[in-house]
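Student: Here are the chains, one letter per residue:
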Amino acid sequence: MSSTWRAHFTFNRYSQICARALRQSLKESERVKAEKRGLTALRYQHWEHGEGGEQVYLVPPEDAPKAPAA
Amino acid sequence: MSSLRLLSSAVRRASSTVPLGRRGYAEAADKIKLSLALPHQSIFSSADVVQVNISAATGDMGILANHVASIEPLRPGLVEVIESGNTSKKWFVSGGFATVHPNNKLTINVVEAAPIEDFSPEAVRANLQEAQRVIAGNGSEEDKAEARIEADVYEAIQSALSSK
Numbered sequence: 001m002s003s004t005w006r007a008h009f010t011f012n013r014y015s016q017i018c019a020r021a022l023r024q025s026l027k028e029s030e031r032v033k034a035e036k037r038g039l040t041a042l043r044y045q046h047w048e049h050g051e052g053g054e055q056v057y058l059v060p061p062e063d064a065p066k067a068p069a070a
Numbered sequence: 001m002s003s004l005r006l007l008s009s010a011v012r013r014a015s016s017t018v019p020l021g022r023r024g025y026a027e028a029a030d031k032i033k034l035s036l037a038l039p040h041q042s043i044f045s046s047a048d049v050v051q052v053n054i055s056a057a058t059g060d061m062g063i064l065a066n067h068v069a070s071i072e073p074l075r076p077g078l079v080e081v082i083e084s085g086n087t088s089k090k091w092f093v094s095g096g097f098a099t100v101h102p103n104n105k106l107t108i109n110v111v112e113a114a115p116i117e118d119f120s121p122e123a124v125r126a127n128l129q130e131a132q133r134v135i136a137g138n139g140s141e142e143d144k145a146e147a148r149i150e151a152d153v154y155e156a157i158q159s160a161l162s163s164k
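Top to bottom, those sequences are chains A and B. Count the first sequence with the numbering used here and you get residues 1 to 70, in order. Count the second sequence with the numbering used here and you get residues 1 to 164, in order.
If you are wondering where the hints come from, they were derived from the structure by calculation, not from laboratory data. One or more of the hints may lead you astray.
To be verified - The list that follows gives simulated cross-link-like pairs (lysine to aspartate or glutamate, DMTMM-like), each with its CA atoms no further than 25 Å apart:
| id | chain 1 | residue 1 | chain 2 | residue 2 |
| --- | --- | --- | --- | --- |
| 1 | B | K90 | B | E72 |
| 2 | A | K27 | B | E117 |
| 3 | A | K27 | B | D152 |
| 4 | B | K89 | A | E62 |
Let the hints inform the model, and build the full structure from the sequences given.
Tutor: Listed below in C-alpha cells is the structure:
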C-alpha cells in the first residue's frame, strides 16, 4: 500500500523511519532508553590525492558544531 | 559423471537412515531453534521453541519445526513466540527479515522491537494524529511519504495492542 516511499527513500532509510516510529510509541521510561539508539553521530570525509575534504555530518547536529581539527 | 551418481546414491542412502519424525497436529514435539536478534540486543539465541508467528510482507505466517527454507521480509507487526504449552510472548517489531534455514533453524533479524507491554496507547494515538496531519498538510512529497510510513507503523501498533 505504501510502496510509494520507494520513489523517495532507500530500504535502509525506510527501516530507520519504522524503527524511529516504534521508539516514539513506547512508554516514557522505555522511550528514554530507546531514543539513544536512534542517535547517529557519524561524520565522513572524502579524501583525494592525499588531501582530506570537508568533514560532513551525516545528521547535522541541532546546535552549532565544534569546528573539526584540520 | 560416475562420481555424481555415487554422490546422489550416497545421499539417498543417508536419508533413508534418518528416522522419519511423526508430526501430529495436536502436539508438536519437535521444536525449532529460534534466534531473534536486534542490533543492540539478542532476545533469543538458538532457543528451542514450538511455534513462531510472524507478519511477513506476503502475509501472516506461523513457523513450526522443519519448516521449508525461506526468507521473508517482515512488515511492522507482531512476532509471537510460543515456547511450550499455551504461553506465548509477543514483541512488536519495526521490520526486518525472517530466515528459515534448511536445518530447522529460524533467524529473525529486526531493527527495533519491544515487548507489547512496553507500548503506550496514548503515545501511539497522538503520534498517529500527528502523522495524519502531515499527510493531509502541504509539506514536501518526501515529508508526506515519511509520515505515511510512520502512520502505517502506528496503525499496526494499534491493531497489535487491540488484538492482545
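Student: Between K89/B and E62/A, does the CA-CA distance stay at or below 25 Å?
Tutor: Status violated; Cα separation ~39 Å.
Student: Is the Cα-Cα distance between K27/A and D152/B 25 Å or less?
Tutor: holds (19 Å)
Student: Starting from K27/A, check that the Cα of E117/B is at most 25 Å away, please.
Tutor: holds (9 Å)
Student: Would the hint linking K90/B and E72/B be met if the CA-CA limit is 25 Å?
Tutor: holds (19 Å)
Hint violations for this structure: number 4 only, all remaining hints satisfied.
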